[in-house]
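For what it's worth, UniProt numbering labels the leading residue of the sequence shown as 1, then goes sequentially.
Note that these hints are calculated values from the structure, not bench results.
Built from N, CA and C at the ideal position, the CB exists for glycine as well.
Check the hints yourself; a few may be wrong.
With beta-carbon atoms standing in for the labels, derived distance ranges [claimed, not checked]:
1. H5 - R25: 28 to 34 Å
2. F17 - L38: 27 to 33 Å
3. P39 - L16: 28 to 34 Å
4. F29 - F9: 18 to 24 Å
5. L30 - H5: 15 to 21 Å
Listed below are the simulated SDA-like cross-link pairs for lysine to any residue, each with C-alpha atoms no more than 25 Å apart in a straight line [to be verified]:
6. K34 - L16
7. K34 - I18
8. K34 - F17
9. K34 - T7
10. K34 - T19
11. K34 - L21
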Amino acid sequence: MQLGHTTLFCLFLLILFITSLSDIRVTQFLMQYKEALLPLTYV
C-alpha cells in the first residue's frame, strides 16, 4: 500500500501552497522542516 507515501505527497503540496502565501520567515522554517523530514521519504 502506498497510502503513507501519498499522504506525504499531499502534505508536501500543502506546504508548498502555504509557503507561496507566507513570508520569508515561514518559508525558511518550512525549508528546515522539509530537510529534517527528507530522509523519511526514502524509507
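Status of the hints after comparison with the structure:
Look at H5 against R25: about 30 Å separates their beta carbons, and that is inside 28 to 34 Å. In this structure, F17 and L38 break the distance hint of 27 to 33 Å, their C-beta atoms being roughly 19 Å apart. Distance hint check: the CB atoms of P39 and L16 are about 19 Å apart, inconsistent with the given range 28 to 34 Å. F29 and F9 have their C-beta atoms about 21 Å apart, which keeps the hinted 18 to 24 Å range intact.
At roughly 20 Å, the beta carbons of L30 and H5 sit within the given window of 15 to 21 Å. Restraint check for K34 and L16: satisfied, since their Cα atoms lie roughly 10 Å apart, inside the 25 Å limit. With a C-alpha separation of about 13 Å, the suggested pairing of K34 with I18 holds against the 25 Å cut-off. Using a Cα cut-off of 25 Å, the hinted pair K34 and F17 holds, with the two alpha carbons roughly 14 Å apart.
A hinted pair counts as satisfied when its Cα atoms are at most 25 Å apart, and K34 with T7 qualifies at roughly 15 Å. Between K34 and T19, the direct Cα distance comes to roughly 12 Å. Compliance with the 25 Å bound is thereby established for this hinted pair. The hinted pair formed by K34 and L21 meets the criterion: a straight-line CA distance of about 17 Å does not exceed 25 Å.
Violated hints for the displayed structure, listed by number in ascending order: 2 and 3.
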